[in-house]
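Here are the chains, one letter per residue:
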Amino acid sequence: MYFDSLSEFINMGGQGLYVWSSFALSLLLMAFNILLPWLKLKATRKQLARQLRREVNQQGEQA
Amino acid sequence: MWKWLTTLYHRLASPKWFYQISGLWLPWFAVVSLLFIGAGLIWGLAYAPMDYQQGNSFRIIYVHVPAAFLAQSIYVMMALAGVVLLVWKIKMADVVAQSLAPVGASMTFIALVTGAIWGVPTWGTWWMWDARLTSMLILFFLYLGVIALREALKPQDTAAKACALMAIVGVINIPIIKYSVDWWYTLHQPATFTLTEKPAMPASMWVPLLLMVIGFYAFLGWSLLLRARAEVLRREHKSGWVKDLLQRK
Amino acid sequence: MNKTAATFCRLKAKKSNLPSQGSVFLAALAREGRLQVRRRGDLLNPLVFFALVVVLFPLGISPTEEILAPVAPGVLWVAALLAVLMSLDALFRPDLMDGSLEQQQLSGYSLAALAMAKLAVHWLLTSLPLILLSPFLGIMLYLPWEAQGVLLLSLLLGSLALSLVGGIGAALTAGLGKSGVLMTLLVLPFYIPVLIFGTGAMQTAISGGNALPHLALLGALAALALTLAPWAIAAGLRITLSGE
Numbered sequence: 001m002y003f004d005s006l007s008e009f010i011n012m013g014g015q016g017l018y019v020w021s022s023f024a025l026s027l028l029l030m031a032f033n034i035l036l037p038w039l040k041l042k043a044t045r046k047q048l049a050r051q052l053r054r055e056v057n058q059q060g061e062q063a
Numbered sequence: 001m002w003k004w005l006t007t008l009y010h011r012l013a014s015p016k017w018f019y020q021i022s023g024l025w026l027p028w029f030a031v032v033s034l035l036f037i038g039a040g041l042i043w044g045l046a047y048a049p050m051d052y053q054q055g056n057s058f059r060i061i062y063v064h065v066p067a068a069f070l071a072q073s074i075y076v077m078m079a080l081a082g083v084v085l086l087v088w089k090i091k092m093a094d095v096v097a098q099s100l101a102p103v104g105a106s107m108t109f110i111a112l113v114t115g116a117i118w119g120v121p122t123w124g125t126w127w128m129w130d131a132r133l134t135s136m137l138i139l140f141f142l143y144l145g146v147i148a149l150r151e152a153l154k155p156q157d158t159a160a161k162a163c164a165l166m167a168i169v170g171v172i173n174i175p176i177i178k179y180s181v182d183w184w185y186t187l188h189q190p191a192t193f194t195l196t197e198k199p200a201m202p203a204s205m206w207v208p209l210l211l212m213v214i215g216f217y218a219f220l221g222w223s224l225l226l227r228a229r230a231e232v233l234r235r236e237h238k239s240g241w242v243k244d245l246l247q248r249k
Numbered sequence: 001m002n003k004t005a006a007t008f009c010r011l012k013a014k015k016s017n018l019p020s021q022g023s024v025f026l027a028a029l030a031r032e033g034r035l036q037v038r039r040r041g042d043l044l045n046p047l048v049f050f051a052l053v054v055v056l057f058p059l060g061i062s063p064t065e066e067i068l069a070p071v072a073p074g075v076l077w078v079a080a081l082l083a084v085l086m087s088l089d090a091l092f093r094p095d096l097m098d099g100s101l102e103q104q105q106l107s108g109y110s111l112a113a114l115a116m117a118k119l120a121v122h123w124l125l126t127s128l129p130l131i132l133l134s135p136f137l138g139i140m141l142y143l144p145w146e147a148q149g150v151l152l153l154s155l156l157l158g159s160l161a162l163s164l165v166g167g168i169g170a171a172l173t174a175g176l177g178k179s180g181v182l183m184t185l186l187v188l189p190f191y192i193p194v195l196i197f198g199t200g201a202m203q204t205a206i207s208g209g210n211a212l213p214h215l216a217l218l219g220a221l222a223a224l225a226l227t228l229a230p231w232a233i234a235a236g237l238r239i240t241l242s243g244e
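These protein sequence lines are chains A, B and C, in that order. As numbered in this note's numbering, residues 1 to 63 make up the first sequence, in order. As numbered in this note's numbering, residues 1 to 249 make up the second sequence, in order. As numbered in this note's numbering, residues 1 to 244 make up the third sequence, in order.
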């Protein structure tokens with residue numbers, strides 16, 4: 001560990017605010033870039049499956 | 001090796017194969033990206049020594065530099081995908097290009113904002129018309145342009161080809177823009193600190209940076225595959241293999 | 001429209017006594033000239049826009065010479081650049097709407113050459129008057145006399161690149177009903193090098209330096225645009241046509 005104490009680690013010699021806000025913002029944006037596509041993938045799968053079931057049911061009724 | 005690569009390339013052109021193989025690759029990208037970014041973060045934030053001139057704010061480079069790397073290389077990747085689409089008419093290339101654009105724009109945004117935040121303790125202002133930051137800002141507009149073009153044009157095929165052409169024109173222009181902005185910067189402001197271009201970094205400083213860069217590229221693969229998989233399903237929902245896949249569940 | 005049809009047409013053009021590529025280019029020039037002269041309003045609007053934008057700056061910043069003279073090169077260049085960009089927006093749209101663009105593609109003649117004829121006429125009728133107007137606006141902004149010549153030269157060289165690169169955006173957005181903002185977003189980043197070297201040339205001239213290197217760079221940009229843009233414009237038009 002380069003820093004002597006936890007408070008010093010957080011403070012970063014007075015520049016903690018800049019360092020931590022940069023890292024927080026970057027990681028947040030990156031997390032969104034994983035989370036949103038993942039949710040979309042799941043939603044697409046669900047929606048297409050529902051659509052398919054409907055089509056199959058309709059064909060069943062017609063036959 | 002070459003033969004293996006060409007086979008891989010031809011197989012990836014098939015949406016079905018792409019969907020199957022990307023499902024296998026996905027966890028690997030996720031694990032590598034989490035591991036490397038995690039290690040790079042801990043090392044870079046807690047163990048790397050402080051820069052004697054910039055103090056601890058130099059640690060911002062551990063996100064700024066990988067983001068800037070990705071921002072530039074993603075645009076080149078988009079243009080390459082554009083060439084593949086326009087020359088070989090491989091539709092999967094457009095799925096990739098479409099999935100790349102939002103990640104690229106996010107990375108450019110990260111590079112811009114972290115660069116601006118870094119400027120506060122270093123330059124004393126939130127924004128300075130530094131050559132690198134200005135080029136990054138222009139790159140951000142280029143990404144927004146491609147995204148807006150895709151939103152505006154219909155049908156999907158036309159939008160795909162138009163975006164491919166835009167990306168190619170952009171890649172030819174980026175070096176010219178970069179050169180002109182560098183030249184403009186030296187004309188108007190004497191070069192002071194720049195965030196990167198450090199002379200001779202010790203290993204304890206650059207190894208975490210390398211870890212972060214690798215982690216960011218793996219992250220790109222992860223995010224890209226997630227987006228591309230959803231897009232493949234959406235585009236191919238009428239084909240047999242998607243129906244099989246959905247019914248199995 | 002597919003490739004075989006185009007090849008077929010080209011073969012047909014070779015066999016029979018159809019006009020050569022060169023004479024078709026001249027005919028396209030004449031047609032464009034007639035068409036664009038008839039739309040007199042469209043020719044005047046960019047000039048008025050240019051003058052109006054320039055007039056806004058003294059009103060918005062300050063009318064004094066000490067403040068206006070240093071920013072004059074930038075103001076003139078930005079206003080001219082926007083005026084050229086705005087005027088290019090509707091370059092291909094009328095031809096796309098009335099179907100003549102598709103006929104040009106089907107004709108088997110080089111689409112790039114036909115688009116170049118269009119751009120050449122547009123440059124002659126829109127950009128050139130704009131450039132000729134610029135010294136007068138320069139006087140109103142207290143632009144130093146020694147920079148007037150460089151203003152003309154830099155705009156002359158730079159507007160070539162502006163027209164050619166803007167043509168790519170115009171080709172891609174021709175299919176949209178209204179595309180002003182999108183076209184601006186697409187093309188403006190590519191205008192940055194031209195702006196930098198154009199204003200750079202003028203600032204060098206004002207400070208007593210030799211503006212020739214900057215003008216040479218502008219010329220290089222124009223030459224590069226001239227070699228690559230026709231290809232990109234033709235590709236853009238084909239893409240737009242494929243979506244119709």
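Hints may contain errors.
Calculated pairs, DMTMM-like style, for lysine to aspartate or glutamate (alpha carbon to alpha carbon, straight line, at most 25 angstroms) [to be verified]:
hint, chain 1, residue 1, chain 2, residue 2
1, B, K89, C, E102
2, B, K238, A, E55
3, A, K40, B, E151
4, A, K42, B, D51
5, B, K91, C, E244
6, C, K178, B, E236
7, C, K178, B, D244
8, A, K40, B, D157
9, B, K16, B, D182
10, A, K40, B, D51
11, B, K89, C, E244
12, B, K243, A, E55
13, B, K154, C, E244
The set of hints was computed from the structure by calculation and includes no laboratory data.
Checked hints:
1. K89/B with E102/C: 22 angstroms, holds
2. K238/B with E55/A: The hint holds at about 11 angstroms.
3. K40/A with E151/B: 18 angstroms, holds
4. K42/A with D51/B: 45 angstroms, violated
5. K91/B with E244/C: This hinted pair holds, its Cα atoms lying about 19 angstroms apart.
6. K178/C with E236/B: Roughly 31 angstroms separates the two Cα atoms, so the pair is violated.
7. K178/C with D244/B: 43 angstroms, violated
8. K40/A with D157/B: 22 angstroms, holds
9. K16/B with D182/B: 45 angstroms, violated
10. K40/A with D51/B: 42 angstroms, violated
11. K89/B with E244/C: Given that 25 angstroms is the threshold and the Cα spacing comes to 19 angstroms, the pair holds.
12. K243/B with E55/A: 11 angstroms, holds
13. K154/B with E244/C: 9 angstroms, holds
Violated hints, in rising order: 4, 6, 7, 9, 10; the structure is consistent with all others.
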